[in-house]
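Chemist: Start from chain A and add chains B and C with the ligands according to the hints.
Spelled out, the chains give:
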Amino acid sequence: MAPDQSNVVLEVQNLKKYFPISAGLLRREVGQVRAVDGISFTIPPRKTLGLVGESGCGKTTAAHTIMRGLEPTGGQVIFHDALLGAVDLATADKETLFQVRRNMQMVFQDPQSSLNPRMTLLDIIGEPLVIYKIAKGTELIDRVAELLKRVGLRPEYMRRFPHAFSGGQRQRIGIARALALNPQFIVADEPTSALDVSIQAQTLNLLQDLQDEFSLSYLFIAHDLSVVEHISDFVAVMYVGKIVELADTHRLYHSPKHPYTEALLSSIPRPDPAIQQTRVAIRGELPNPASPPKGCTFHPRCPYAEAICAEEEPALQEVESGHVAACHFADNLNLRGVNEF
Amino acid sequence: MVASGDAMPDNPISPDFDAEETEVISVRRLMWLRFKRNRLALIGSAVLIFMYLAAIFAGFIGPYGLRETHEKFPASAPLLPRFVDEEGNFGFRPFVYAMESKVDPATFKRVLTPNTDVKHYLHFFARGTPYTILGVIETDIHLFHVDEPAKVFLLGTDKQGRDLFSRIFYGAQVSLTVGLVGVSLSLIFGTLIGIAGGYFGGLFDDASQRIIEVLISFPQIPLWLALAALIPPTWTSVQRFFAISIVLSLVNWGGLSRQVRGMVYALREEDYVIAARYASASNWRIITRHLLPNTLSHILVVATISIPAMILGETALSFLGLGIQPPMTSWGLLLNQAQHTRVLIQQPWLLTPALFVVATIISFNFLGDGLRDAADPFAN
Amino acid sequence: MHPNLLEITDLKTHFFTEGGVVPAVDGVSLSIKRGGTLGVLGESGCGKSVTGFSILRLVRPPGRIVGGAIHYFGRETVNGEDLTALDARSEALRQVRGAEIAMIFQEPMTSLDPLFTVGNQIMEAILYHQDVSKAEARKIAVEMLDKVRMPQPADVIKQYPHQLSGGMRQRVMIAMALSCEPQLLIADEPTTALDVTTEAQILELMRELQDELGMAIMFITHDLGVIAEMAEEVAVMYLGKVVEQSDIQSLFADPQHPYTRALMQSIPKVGQKSSGRLEAIRGMVPSPRRIPSGCPFHPRCANFIADLCNVKTPQLKKTRAGHSVSCFLYDDGGSSNGA
Ligand SMILES: Nc1ncnc2c1ncn2[C@@H]1O[C@H](COP(=O)(O)OP(=O)(O)OP(=O)(O)O)[C@@H](O)[C@H]1O
Ligand SMILES: Nc1ncnc2c1ncn2[C@@H]1O[C@H](COP(=O)(O)OP(=O)(O)OP(=O)(O)O)[C@@H](O)[C@H]1O
Ligand code: SF4
Ligand SMILES: [Mg+2]
Ligand SMILES: [Mg+2]
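Chains as they are written, first to last, in this note's numbering: chain A, 1 to 341; chain B, 342 to 721; chain C, 722 to 1060.
In isolation and in its complexed conformation, chain A is listed as follows (with noise of 0.2 Å):
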């Protein structure tokens, strides 16, 4: 098979994933959530997508259904691999998914949970590496080793295990085991929302030095938008399920066409007291993703909406060139960037 020379190394088209949700004796279902509601994006190779969005609103699941953790319930997952091609993950079969996470890996959240307590260091970063027979042996010593100096811990360190660690350095044993494979693309879920302000830097740089050295392609999934705005090249907004906006990081910080995105921008508390932010009011909270609002999810928040919003759903449309978002009133409002506040 010819290696893939595409510009793209993900293609998400209208990703679904719907959980039932049930109900009774006989565990019948009677509704439900949709988590993920048809998502659609793209990532070249060497890039970072910022998935932002408040919680409860479906990124981990997303993230979940393009590994293929959970089952989509419709949609397609393109992954470009550099040796088979063009695979759509939501159909792959087992030997498939095989081959293909060699170059697709995860970073998780929670520094606590994502690393077995009972497993030493060399055995958690060795394990991919034992199951693609990659290594043994005194060869798998010095990968493991390799791995750990790559990402600043020292090699000696190898035979301990994770409670000796504190959560930044928890975070970077994940990250030397999402790298142990030598992927093209990781999704990394929350990575520093668990982690010390100081240690958030460290973490960051870590990921974006990395990214340069191994060409990788990031989704980098977090709610706190100055990271996301750091760290990212395209920023996809996500509310309940589904993407309102997505543009590149400078234009979709600056100019938003989605009211939610401006919401967003203008809740960010500024670390400035001179700044006197005059906040856009946006009323109550997420809604119950079981049951989202009719017409376009937003509008029982949102400032600017009118009859229509309660009725039609908006779809996403392209605003500008590479610059896409779901309001009936997208061309026409003028919204505030983030220094407008």
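Be a bit skeptical, because a hint or two may be false.
What the hints assert, rightly or not - For each label pair, taking beta carbons as the anchor points, the in silico distance ranges come out as:
#: 1; chain 1: C; residue 1: Thr913; chain 2: A; residue 2: Gln13; range: 30 to 40 Å
#: 2; chain 1: B; residue 1: Phe398; chain 2: C; residue 2: Gly788; range: 29 to 39 Å
#: 3; chain 1: C; residue 1: Val787; chain 2: B; residue 2: Arg370; range: 24 to 34 Å
#: 4; chain 1: A; residue 1: Phe214; chain 2: C; residue 2: Phe837; range: 52 to 62 Å
#: 5; chain 1: B; residue 1: Glu610; chain 2: A; residue 2: Ala290; range: 12 to 22 Å
Said to hold, decoys possible - Taking lysine-lysine pairs in the DSS-like style, the calculated list, with each CA pair at most 25 Å apart, reads:
#: 6; chain 1: A; residue 1: Lys47; chain 2: C; residue 2: Lys990
#: 7; chain 1: C; residue 1: Lys879; chain 2: C; residue 2: Lys868
#: 8; chain 1: C; residue 1: Lys994; chain 2: C; residue 2: Lys733
#: 9; chain 1: C; residue 1: Lys994; chain 2: A; residue 2: Lys47
#: 10; chain 1: B; residue 1: Lys460; chain 2: B; residue 2: Lys413
Bear in mind the hints are in silico, worked out from the structure with no lab data behind them.
Cβ coordinates follow ideal geometry from the N, Cα and C atoms, glycine included.
Modeler: Chains B and C with the ligands in isolation, oriented as in the chain A frame:
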């Protein structure tokens, strides 16, 4: 920022600083530290170690053999060693007076009267009835012994004139192991079914869960009785012993299996298990490398906590005559003699095996509590 | 009346654990003005919460206040009452807790009892301190929920905590804390578990309520953005010590302690995307069981002065009006320190 010149030229982490930070305590040591903190657990383990040693060295601790009868002393009250003789002189060496059994001319009842002419001193580490330890080492050394015709019955005798003190430790051999054998069986059943159900889910999980629910909702004792009644009376006592263990674990494995299933069910959603799956780990690998090591300590706790129920089960069955059969003995069987109020009033010492049952069960519970703390060495 | 509501002097709260003594709070001095807002900023484990707990005397064994004083200049007392001198179970302390000083926590779910309705829990707090009937207490509870902008407060009081979202629960916590109109509210990371939009709502609510009720707030957080928004005065803590203390403008305009400066540089600033790397602070916060000698920040400090910072402990010194810092860079050679 200045490059530190290490492997990470630009990542400002000074390695020495890191090294100083990480405290290296092995998981096992951490567990021991936790366990040690629980005083009662330490006491419980001490009692249990004593009990099991005593069971192994039953022949050594008891002065008489399992089946040794003393025809002249049926249902005798405890004959204790004394330090003070008839004249009131105190000595450090314990002794007994030989008892002479006579028929009271007035009531025609058999009475025992001490012959105070001769003091029979207790001999320690002396030779007596031969016995074997663990079925291999043959010896006749006893912890203490007294020469005939004197007797020493620390806890009295039963109606056949057998020394209860000696028999309690022989009984311990059965009562203390029936729980272990039973729990090992439940452990195998319970863990296999629990892991399979919790990890794979599906139809097998549903079916096993329903079966366990039915098992658990049966009242235990009638179920034991019914199952024990099925054991053919012709079986030897060893066969019977294993049959009873199987009966106990058949009733017990369900609870254990549920707990294992619960743990596995929770763990399979842990990020590290998902990470292993994303690294294409096989189910076998996930179960043996990730799930088992993380549940094993909890499983052992649950197992420890279910041993008392087994011991009680054996006691109950034997007490009701459906468990262990003579010539073997067990604590339940020893208590079997104390079924009637009349017996209890006249020979209260026959109840002493119950004290051993209670002490063992409490100790197992203390031990279980301590192990529970230790099993979670990282909790706060 | 004393201008300050609360004055903490040289507070030391240590934990006596098996692994050694943890000096969680080690010589902290702070003061809170009447109706003012003091922000306490610092990373995880620096002793922010323990300081808050110490004020309310809620430190549990193996922790103990081993030194210092906490003077409270409440409604009646003029000279100030040393809270550390009160008996932990005394009536006087009971009166202070909740009625005079209230606290809200980071994770509202852990401080709300899942078995009781929200109304029940607010009423209980009211009945504990105020001599009112049950019906009146219910009325106050509804009023309080209304005050924290809870939609349909009369319905919410009949609900259980798990039926509410995170933001709603935090509103309930605030309502509960404010139900007895305390003079001081200790808010321990009240928005850390919340989403940005909800966080913005809660911060705004707290500011409005402060204007309305005039209470003082001690606002604990690790978020520089939140502190800039909420606080008038800030104390920056590192490993159980206050390393810098200042009014908010001066702190952000001219951060002086190398730790504060490094912290400010290490966060990405929204709206100013640069393609470069962040200026990370090297190393990590040391274990509180092994606090470095001298200045506790010296192993990570970019301006470290050898043979001084690792030997002597700098003291908090005033560098200009309303701004003090504990660092040898601002000291004439460390001559005045006694440590
Ligand atoms: N296994 C599941 N079964 C049913 N519902 C689920 C399941 N997993 C997630 N959900 C629901 O799907 C929605 C999206 O959850 P998800 O964890 O993806 O959100 P998130 O954006 O990652 O949030 P957070 O920022 O809190 O991590 C939530 O409403 C959640 O309750
Ligand atoms: N019960 C306890 N036993 C032992 N040490 C404790 C205990 N409670 C707190 N500590 C220690 O006291 C120090 C300060 O803890 P504290 O909770 O005040 O930190 P914090 O600044 O509030 O951090 P966070 O941002 O994580 O809430 C920590 O190092 C912690 O380990
Ligand atoms: S479609 Fe309507 S409700 Fe939705 S974001 Fe646009 S204006 Fe607001
Ligand atoms: Mg998530
Ligand atoms: Mg805290």
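Chemist: All the hints need checking, so say for each whether the structure fits it.
Modeler: Structure-based check of each hint:
1. Separated by about 36 Å at the C-beta atoms, Thr913 of chain C and Gln13 of chain A satisfy the suggested range of 30 to 40 Å.
2. Checked against the hint of 29 to 39 Å, the pair Phe398 of chain B and Gly788 of chain C fails, with Cβ atoms roughly 57 Å apart.
3. Our hint of 24 to 34 Å for Val787 of chain C and Arg370 of chain B holds, since their Cβ atoms are close to 30 Å apart.
4. Between Phe214 of chain A and Phe837 of chain C the beta carbons are some 54 Å apart, a value that agrees with the proposed interval 52 to 62 Å.
5. The supplied range of 12 to 22 Å is met by Glu610 of chain B and Ala290 of chain A, whose beta-carbon atoms lie about 20 Å from each other.
6. For the hint linking Lys47 of chain A to Lys990 of chain C, the alpha-carbon distance of about 21 Å falls within 25 Å, and the restraint holds.
7. Distance restraint check for Lys879 of chain C and Lys868 of chain C: the Cα-Cα separation of roughly 17 Å lies within the 25 Å cut-off, and the hinted pair is therefore satisfied.
8. Between Lys994 of chain C and Lys733 of chain C the CA atoms are separated by roughly 42 Å; this puts the pair beyond 25 Å, and the hint is violated.
9. Only pairs whose Cα atoms come within 25 Å are accepted, and Lys994 of chain C paired with Lys47 of chain A is accepted, the gap being roughly 16 Å.
10. About 20 Å separates the Cα atoms of Lys460 of chain B and Lys413 of chain B, which keeps this hinted pair within 25 Å; it holds.
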